[in-house]
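Asker: Both chains are sitting in their own frames, so use the hints and assemble them into the complex.
Protein sequence lines correspond, in order, to chains A and B.
The first sequence: position 174 = 174 (my numbering), numbered continuously.
The second sequence: position 161 = 161 (my numbering), numbered continuously.
Take these hints with a grain of salt, some might be off.
As the list claims (entries may be wrong) - Footprint (simulated), chain B over chain A, 3 or more residues, beta carbon under 8 Å:
| id | stretch |
| --- | --- |
| 1 | 42–56 |
| 2 | 76–83 |
| 3 | 86–96 |
Derived from the structure by calculation, the hints contain no laboratory data.
Think of the CB as a built atom: it goes at the ideal place given N, C-alpha and C, for glycine as much as any other residue.
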Amino acid sequence: MLSLDIENLTVAFPGLSSPALAIGRLSIDAGSRVAITGASGSGKSTFVNIVAGLERTRQGRIRWNGEDIASFSESRRDRFRAANIGLVMQEFHLFHGLSALENVLLPARLAGAATVDVIERGHALLGTVGLSRPGQKIETMSRGEMQRVAIGRALLRKPGVIIADEPTASLDAESGEAVGDLLLDLAIAEGSTLIVVSHDQRLAGRLDRRITFGSGRISEDSAAAAGEAA
Amino acid sequence: MIRFILSDLRRLWAGSLVVVLLVALATALGVCVVLQERALRLGSARAADKFDLVIGAGGSETQLVLSSVFLQPSPLPLMPGEVLGKLAADPRVDWAAPIGFGDSFSGYPIIGTTTTLTQNLSGGLAEGKIFAREGEAVIGAAVKLSLGGEIKPMHGSLEEGGETHTELVYHIAGRLRPTGTAWDRAILVPIQAVWHIHGMEAEEHEEDSGHEHEAASGTDSVEHGHEHEKAGADHDGHGHHGKADPDAALDETLTAGAPGLPAILVKPKTIADAYKLRQEYRSGNTVAVFPGEVLTNLYATLGDAKQILVAVASGAQALVAASLVLVTVIHIGQRRRQIGALRAFGAPRGAIFGIVWLEFFFLVAVGIALGFALGYVAALILSGMFSQTSGVAMPVVFTREDVGLAAVLLAFAAILAALPAVLAYRQSPAQALRA
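So that you can see chain B by itself, here it is in the shape it has in the complex (with noise of 0.2 Å):
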C-alpha cells in the first residue's frame, strides 16, 4: 500500500507539491505569529530582568522604562540630582546608579552612568577595562567598534539631525560582555562627561571637588595636550556648554548636589526594601516603577495585537483549509476511475479508504512539519533583524503549547482527509470506472 502511495504521489507531483507549500505557507504563518509573540515577551522581560527598581520624575511609567531599560531615546523630565545621593546613603539600597541620555554615536546611544552600574550590568567586561576617567567609554558587547577607537558623541541621533559635540572625544576602554538587552547597543559613558558637555554642573559639586579637577586637567594636559586644547577652543565656541576634560579622574562620591538625572537605576538589597524603596519614591516629585511590572502591564495591551494577528493567521488558515476541500474534491473526481478499478479488481473498500486517507493526511501532514520548520526559521530571521536594531535577544523558542497547535492541525488535517476517503467510497466501482 506504501508503495502504491509513493508512486501515485511521484506521479501527482506537482499538484502534491502545491498542496504541500500551501499547507506549509498557511501553517508558518501562524507558527511564526506565535512564536515571535513569545520572543518579544520573553526577551523584553529578560532585558528588564536586570532592571529591578528604576526610579525617574514624574512622568509616563512607561516611558521611564522603555527609556532605561529599552534605551529608547526621548526627552525625559528630570529629577533633583540629590535623589541619587539619598539613594547611595540608604541602608537598604545595594547599589544606585544614575542612568543619562540624551547623546548618541554612529547609531549607538551614549548613557552617562557610573562604575558601578558598569560592572553590575553584564558581570564584568569581556575585554579592556572599565572607564576610569571622563573621556573613556566601555561599549556594549553589540556595539561595532574597536578598543582604543573613538567616539564623538552627537547630541541626539542622526535622524534627528542633532550636531555633534566637540567638547570632548571619547576613547573606548573597555567591551561587555553580552547581555541580551539593549544595553549591548549603549555606549557608556561617566555620567560626569556628560554632565560637563551639557553644562550641567552643580555648583555645589563644583565648590567642593573643583580643585581635583584642576589638578587632573594640569597633569593631563602635558600628555594629552592636543585633545585638551580642542576641547577647550570649542568651549569658547560653545559657551553654553561645560567644561569637558577627558582626562578628569571621575568623581562618583554621588554628593546631594549632583545635576538632574533622567533616571536612577537602584539595586535592593531584599525584595521587602524593593517594596519599601517603590512605596517611598512613588510620592511627591518622582516616580518608582519595577520595569517587570511596567511591562506585563504592556503585554496586557501587546495581547490583543497578538489576539488579532492570531486571528488573521487562522483566517489565512480557514482558507487554505477550504482551497485544500476544493483541491480534494476535485482531485476525487481524477481518480474515479483509478478508484474503480482499485475496487473492481478487488482492492477491499477500507483499503481504498486507507490509500485516499493516508495519501492526504500524509501531503497535508508534510505541510504542517514544514510550516513549523518555516515559521521557526522566519521567527528567527524577523528576531534577529529586531535583535540588531534594538539589542535586545529574542528568543524564539517552541514550548508545549506548539505540541497542541500541531496536535490540532493535524487531527483538523485527520478529519480533512477523511473527506475524500469518504467520498472515493461512496461510488459504485461501475460508475467509477465509467467515468
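With the rest of the complex left out, here is chain A (with noise of 0.2 Å):
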C-alpha cells in the first residue's frame, strides 16, 4: 500500500506558456480510492504520466511512500513502476498474438520475474476477473475480455498502486460498470491504493476522494472541502 506526496510539481512543455501541470501540495493517503476528473487536456493524462514515472519531471517532488521519484533515472524509475505500480490504460496494450495468460505474466517475465508463485498468481487472477480459458489468444476476445487481462496484468505483482487512466472510456456502458466494479472490488481484496482517471461520473462517484482537475491545477477536492466543511 503506497501513499502519495506531491510536492511544488511543475510540467511545461515547449511552445505552451502555462504548465500542463503545476500542483503545489497534494498527498493521497495509503489505501485510499481516488477519482481524478476534469474536462479534456485539464492535465489528467499528463498527472498520469508523472506519478506513474512514464514521464520525467525536473521540478518538484512526487514520494511514493517518501520516495522521490522525480530524483529516478529512467532505468530505476521503470523498476520502481514495473515493481509497485499497476497500471490500467484505456487502450488495453496488449499483445496481439500472445494468449491472456501470456500477456498477464509478459512484463513479469521480460523482468526476470516470472517466479512459480507469479505464474500461478497470474493463472488465480485470470480466474478473479472472471477469464475461464488462460489460453485464448488476446485477439479473439472482446473490448470487456481485454480490459480485464489488462487488470489482471496490472495487479500481478501486487503492486501498492494501482493506476487505472479511463479504464471504462473505450468500453460499453455494461462492460465499463463490470470493470470499474472489479476495480474497485480488486483495490480493497489486494489492498492497493487507488487511481482512477475518468469522466464517468457513476464511476468517479463510487470512490471516496474526487480530485478535479482544470487548466494544469487542481481545481476541486472534496477531501479538502470535506476539512473544510469539519
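Answerer: Here it is, written out as C-alpha cells:
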C-alpha cells in the first residue's frame, strides 16, 4: 500500500506558455481510492504520466511512501513502476499473438520476475477477473474481456497502487460497469491504493475522494472541501 | 521473450519476409561472385594439372595453353614435326604426344593425338577400347555419343560454317573416364588420320612406311569396301586433301619426318627434367610453357576483374544495408507504442533492447544464411552451365575465408540491429504511448 505526496510540481511543455500541470501540494493516503476528473486538456493524463513515472519532471517532488521518483534515473523509475504500480489504460496495450495468460505474465517475464508463485498468481487472477480460458488468444477477445486481462496484468506483482487511466472509456456501459466493479473490489481485496482517472461520473462517484483538474491545476478536491466543512 | 519475438514476427510477417529476402539476395550476390571466381580458378587449375609441359611453335603462350588445355579453337602456328621425334627420343621425357586441332563434330572438338596420350589422359577407358586404326575414335566422358557411332569430322566448327570432311568417317571405339577437364568434351582420333585428311603427309614418312598403308588398305577394302570407295571418291573431288583410309593401321613411331604440329604435350620424368626441357625448347622456333604458370599470370589479370565484381557486390550490399537502416527506423517508429507499452507495464529497458535487437538480428541472420545457400545454388548452376559448354569441371566449394565473410556480415548485422534497439531506448514511455 503506497501513499503519495506531491510538492511544488510543475510540468511545462515546450511551446506552451502555461504549465500543463502545476500542483503546489497534494497528498493521497495509502489505501485510499481517488477519482481524478476534469475536462480534456485539464492535465489529468500528464498527472498519470508523472505519478506513474512514465514521464520525468525536473521540478518538484513526487514521493511514493517517501521515495521521490522525480530524482530516479530512467531505468530506476522503470524498475520502481514495474514493482509498485499497476497500470490500466484506456487502450489496453495488450500484445496480439499472445494468449491472455501470456499477456498477464509478459512484463514479469521480461523483468525476470516470473517465479512459479507469480505464474500461479497469474492463473488465479484471470479466474478472479472472470476469464475461464487463460490460453485464449488476446485478439479473439471482446474489449471488455481485454480490459479484464489488463487488470489481471496490472495486479500480477501485487502493486502498492493501481493507476487506471480512463479504464472504462472505450467500453460499452455494461462492460464499463463490470470493469469499474472489478477495479474497486480488487483494490480493496489486494489492499492497494487506487487512483482512477475517468470521465465516467458513475465510476468516479463510487470512489472515496474526488479531485477535479482544470487548466493544469487542482480546481476541486472533495477531501479538502470536507476538511473545510468540518 | 522468444515467444513474444516469434508472435511479433508472425504479426509482421510481410515486412519480415522483405527484410529477409533483401538480405538474402544481397548476400547471395556476394557469395556467388566469390564462389564462382574460386570455382573458375580451381577448375582451370585442375584442368591444367594433367598438362605438365606444353610445347608449341613460337607465338602466344596464353593461346597455346588455352588451345591445348582448354581446347579453345584457334589457329596455332605449326612447328616442324621433327620436334616430336626429338622429344620422344629424349631420355628426360617419359612420354610426348602430339595434339592436333582444327576439326569438330556437332560442337565437340576433334583432337588428333596418339594412343599414349589417350591412355594417360584419364588413366584408362570407361568402356570400349582405344583406337587402333585410322577410322576409330575415342570420346571424352562428356561427349553425348554412343559407342560404335559415326563421327563425320567438320573442318573448323559449325559456327564458322566449316565444311564436312568426306574423306573419313570415324567410328567410336571407346570412351574415356571423366577427367573434369575440357578434354571430357573432346573426340580423340589418331593424329595420323588428321594428317591424312588434311593432306599433310610428310614425304619421308610416306616413303618410309608407305608399304604398310598399302597393305592395310588392301586387306581392309575387302571388309569395308563401301567406306573405302566413298573415301576414295571424295579424295578425287578434293584434290588438296590427302588420302585417308579408315582401316589403316596406326604408325606411332613418331619419326623425325612427321608433319607440322600445333602443340606437343610432354610428360617429363622429373621436375628438374621439366625445367631443363622448358629451357631448351624456349629458344628458337618453339615455345615451351608450364600451363600452371601461364594460368597464374592469367589469374593475376582475372584477380582485377574479381576485385571489380566484389566491389559491385559490396556496393549492392551497402545499398541493402542502407535500405535496412531506413526500414528499421520506420519500423521503430511504428513500434513506438508497443515499446512504450512494454516499458509502461514494467519490462526493463534491457529486455526491450534485447527484444528489438534479437528480432532484427534474427531476421538478418536468417537472410544471411539463406543468402549463402542461394549464392551456393546459383554458383552451382552457373558452374554446371559453364562445365557443360567447356567440359571443365568447376568445383563450387566453401573455404575458411567464407566463414570470415559470414562473420563480418553477422557482425555488421549485430551493429545494425543495435540501432533500432538504441532508438527504442531513447524515448520516454509516455511519449511512446502517445505516438
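Asker: Are the hints correct? Go through all of them and say.
Answerer: Against the structure, the hints come out as follows:
1. Restraint check on the stretch 42–56 of chain A versus chain B: 5 residues with Cβ-Cβ distances below 8 Å, three needed, restraint holds.
2. Judged by the Cβ-Cβ criterion of 8 Å, the stretch 76–83 of chain A is covered by chain B as claimed, because 5 of its residues qualify and three suffice.
3. Here's how the stretch 86–96 of chain A fares: 5 of its residues keep a CB closer than 8 Å to some CB of chain B, so the rule of at least three is met and the hint holds.
Consistency with the previously given hints is maintained throughout, with no hint failing.
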